[in-house]
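Engineer: Residue strings, one per chain:
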Amino acid sequence: MQPILYHATVLEQEELKPAIFRIRFMAPELARLCQPGQFIQVRVNAMVDPLLPRPISIHDFDSEAGTVTLLYHRVGKGTAILAQCQPGEQVMIWGPLGRGWTLPEAQDLPAGDLLPIYVAGGIGVAPLLSLAKAWSKVGKPGILLCGGRCEEQLVALEEFQALGVDVDLATEDGSAGHCGRVTALFDHLPLLGKMPLLYTCGPKGMLKAIHELALQKGWPCQVSLEERMCCGLGACLSCVCKREASQEGKTWTHAKVCTDGPVFWSKEVIWDD
Amino acid sequence: MTDLKVNLGGLAMQNPVTTASGTFGFGLEYAPFVDLRRLGAIVVKGTTLEPREGNATPRMAETPAGMLNAIGLQNPGIDGFIKQHLPALQPLGTPIIVNISGNTLEEYGQLAAMIDACEGISAIEVNISCPNVKQGGIQFGTVPTMAADVTKMVREHTKKPVIVKLSPNVTDITEMAKAVVDVGADAIALINTLLGMAIDTKQRKPQLANIFGGLSGPAVKPVALRMVYQVHRALPAVPILGMGGITTAEDAIEFIMAGATAIAVGTANFVNPKATIDILEGIEAFCLQEGINTLQDLVGAAHSS
Numbered sequence: 001m002q003p004i005l006y007h008a009t010v011l012e013q014e015e016l017k018p019a020i021f022r023i024r025f026m027a028p029e030l031a032r033l034c035q036p037g038q039f040i041q042v043r044v045n046a047m048v049d050p051l052l053p054r055p056i057s058i059h060d061f062d063s064e065a066g067t068v069t070l071l072y073h074r075v076g077k078g079t080a081i082l083a084q085c086q087p088g089e090q091v092m093i094w095g096p097l098g099r100g101w102t103l104p105e106a107q108d109l110p111a112g113d114l115l116p117i118y119v120a121g122g123i124g125v126a127p128l129l130s131l132a133k134a135w136s137k138v139g140k141p142g143i144l145l146c147g148g149r150c151e152e153q154l155v156a157l158e159e160f161q162a163l164g165v166d167v168d169l170a171t172e173d174g175s176a177g178h179c180g181r182v183t184a185l186f187d188h189l190p191l192l193g194k195m196p197l198l199y200t201c202g203p204k205g206m207l208k209a210i211h212e213l214a215l216q217k218g219w220p221c222q223v224s225l226e227e228r229m230c231c232g233l234g235a236c237l238s239c240v241c242k243r244e245a246s247q248e249g250k251t252w253t254h255a256k257v258c259t260d261g262p263v264f265w266s267k268e269v270i271w272d273d
Numbered sequence: 001m002t003d004l005k006v007n008l009g010g011l012a013m014q015n016p017v018t019t020a021s022g023t024f025g026f027g028l029e030y031a032p033f034v035d036l037r038r039l040g041a042i043v044v045k046g047t048t049l050e051p052r053e054g055n056a057t058p059r060m061a062e063t064p065a066g067m068l069n070a071i072g073l074q075n076p077g078i079d080g081f082i083k084q085h086l087p088a089l090q091p092l093g094t095p096i097i098v099n100i101s102g103n104t105l106e107e108y109g110q111l112a113a114m115i116d117a118c119e120g121i122s123a124i125e126v127n128i129s130c131p132n133v134k135q136g137g138i139q140f141g142t143v144p145t146m147a148a149d150v151t152k153m154v155r156e157h158t159k160k161p162v163i164v165k166l167s168p169n170v171t172d173i174t175e176m177a178k179a180v181v182d183v184g185a186d187a188i189a190l191i192n193t194l195l196g197m198a199i200d201t202k203q204r205k206p207q208l209a210n211i212f213g214g215l216s217g218p219a220v221k222p223v224a225l226r227m228v229y230q231v232h233r234a235l236p237a238v239p240i241l242g243m244g245g246i247t248t249a250e251d252a253i254e255f256i257m258a259g260a261t262a263i264a265v266g267t268a269n270f271v272n273p274k275a276t277i278d279i280l281e282g283i284e285a286f287c288l289q290e291g292i293n294t295l296q297d298l299v300g301a302a303h304s305s
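Taken in sequence, the protein lines are chains A and B. Sequence positions in the first sequence follow full-length UniProt numbering and run 1 to 273. Sequence positions in the second sequence follow full-length UniProt numbering and run 1 to 305.
Any given hint could turn out to be false.
[What the hints assert, rightly or not] If you want the ones that stay clear, here's a sample from chain B, every Cβ over 12 Å from chain A, calculated:
#1 Leu49
#2 Ile82
#3 Thr145
#4 Thr171
#5 Glu175
#6 Leu195
#7 Pro236
#8 Ala237
#9 Ala249
#10 Thr294
#11 Gly300
#12 His303
#13 Ser304
[Stated by the list, open to error] Quick list of in silico lysine to aspartate or glutamate cross-link-like pairs, EDC-like style, CA-CA up to 16 Å:
#14 A:Lys77 - B:Glu62
#15 A:Lys250 - B:Glu50
#16 B:Lys152 - B:Asp186
#17 B:Lys5 - B:Asp297
#18 B:Lys152 - B:Asp182
#19 A:Lys242 - B:Glu53
#20 A:Lys133 - A:Glu64
#21 B:Lys5 - B:Glu284
#22 A:Lys133 - A:Glu159
#23 B:Lys83 - B:Glu119
#24 B:Lys159 - B:Asp186
#25 A:Lys250 - B:Glu53
Derived by calculation from the structure, the hints in this document are not laboratory data. For clarity, every value in this text was computed on a predicted model and none was experimentally measured. Note that beta-carbon positions come from the ideal geometry of N, C-alpha and C, so glycine has one too.
So here's chain A without its partners, still in its complex pose:
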């Protein structure tokens, strides 16, 4: 599927929690191409500083309404400019880019009754909503385990609940849900004999912990990785991760997070640092 470049009109922009924003664009041709787990490049202004576009996960898309929605954290110069964008303004975006989550209809999933479990760390919840929609459509809305430092980092929960997803929370300061890390929520999971299928996005330390848990339990697990990205098209080789390989004389190669990912099976990734 070929990505397209778009001067998209901002429909709405809202600060959901301090420094966490949701922005919705009108971009019908782009919305029709989106798959859960993909991202777009957003050029926040026409100037040369900041220079590079911001790669941001697609939170939601609606091919009928022609809209694409992003969730983002205002962390630096680029996202601060994006946060100033008002409805009616145009922003240059291109995508959809990357390979997203393995969806319910995919053939390579294990047989049996599957239970999708989405594990999010903070803003990592963003690419999981459209995935939950896809699972909800086949009657398996699944479970969201959402963690963060505090309650103010947890967003979009009601959107998951509206799909019938069971939501369980963990915060490090105890301001919402379990006091501690999101991994602790696995202790009381109602599996009911189903085979969990983990999908996770968040800080690297969390992804590694979820991967190790999945490995230990024998559950399949996909991770959405984040790396400093530049072109987003697989051309510049800025955003790479170590992936297991079985070519002659090699145990690993550098995979491109932007085009080989951002979603990988966690057991393919080499988690050595």
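Assemble the complex: chain A is given as a structure, and chain B must be docked to it using the hints.
Structural biologist: Relative to chain A, chain B alone:
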């Protein structure tokens, strides 16, 4: 309609717009946004004799009006390029320029011979100036006699146009240019990136895993333009492939007026994936507006006054 055709040291191009090695992958990555047949040439990612995995991450850091990179020449090797990537580029009909890097003089010779034997490749860009690899690389690019040795080795192994890409990290760029032209370079490409660094103040450590990286983007444009001007003044008969922060058609025309026969779009591809075409169309519009019949007439125009 302006005649945009140029000749870069024996390489005939339909227009002066090409891509800077490393910023355009193997070309097809940009096919969704760019009609690759419209480009004057495509310069592909730096290629070595053996496949390389490159440096650790982070490999990139954004800086004011620019960026630092330290990719470390990750590439599938010359064989991998010829087998896996070149066949898909052939039907385009756009000249393909392969950028080569070696650890030793012998490797440069072997690479040149392999490319010479490969019909689908139109010219060689010799990278004697990669700042991001430990061996060879930068040294070949900063000592005139070593730059000449590499060029001579490549020249002895190919009849195809040889474009030598110079490092700006030298005291006198004209000295480097003369050294490589004397031993058979057909054209000079300048500039490669400027060696730089950035520090993460919260973590108290360099932003790049490689510590140092190459600076590119609009921030380097005045430096690049000055070097193109200097080399053209010193060697007016030698064609130059000018690059360094070219983001708009206006930038490209400045380089042409400073003495560049062709120009390469690099970091701008990241900022706007159709930058090459926007720049090409902007050059056409400028020529039309200024009543220029032959683009070649503009090359070095800033020197005559």
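Engineer: Would you mind marking each hint as holding or not holding in the structure?
Structural biologist: These are the hints, each one checked on the structure:
1. Leu49: Holds: least Cβ distance 16 Å, greater than 12 Å.
2. Ile82: holds, 18 Å
3. Thr145: holds, 32 Å
4. Thr171: holds, 29 Å
5. Glu175: Given a closest Cβ separation of 31 Å, the condition holds.
6. Leu195: The claim holds: B:Leu195 sits with its nearest Cβ about 18 Å from chain A, beyond 12 Å.
7. Pro236: It holds; B:Pro236 is separated from chain A by about 32 Å at its closest Cβ, greater than 12 Å.
8. Ala237: Consistent with the label, B:Ala237 stays out of reach of chain A, its closest Cβ about 34 Å off (over 12 Å).
9. Ala249: holds, 15 Å
10. Thr294: Fine: 31 Å to the nearest Cβ keeps B:Thr294 off the interface.
11. Gly300: Fine: 27 Å to the nearest Cβ keeps B:Gly300 off the interface.
12. His303: holds, 27 Å
13. Ser304: holds, 30 Å
14. A:Lys77 - B:Glu62: Answer holds: A:Lys77 to B:Glu62 is near 11 Å, not above 16 Å.
15. A:Lys250 - B:Glu50: holds, 13 Å
16. B:Lys152 - B:Asp186: Cα-Cα ~12 Å, so holds.
17. B:Lys5 - B:Asp297: holds, 11 Å
18. B:Lys152 - B:Asp182: It holds: about 9 Å lies between the C-alpha atoms, which stays within 16 Å.
19. A:Lys242 - B:Glu53: holds, 10 Å
20. A:Lys133 - A:Glu64: holds, 15 Å
21. B:Lys5 - B:Glu284: Given that 16 Å is the threshold and the Cα spacing comes to 12 Å, the pair holds.
22. A:Lys133 - A:Glu159: Holds. A:Lys133 to A:Glu159 sits at ~10 Å (cutoff 16 Å).
23. B:Lys83 - B:Glu119: holds, 13 Å
24. B:Lys159 - B:Asp186: holds, 10 Å
25. A:Lys250 - B:Glu53: holds, 10 Å
Of the numbered hints given earlier, the model fails none.
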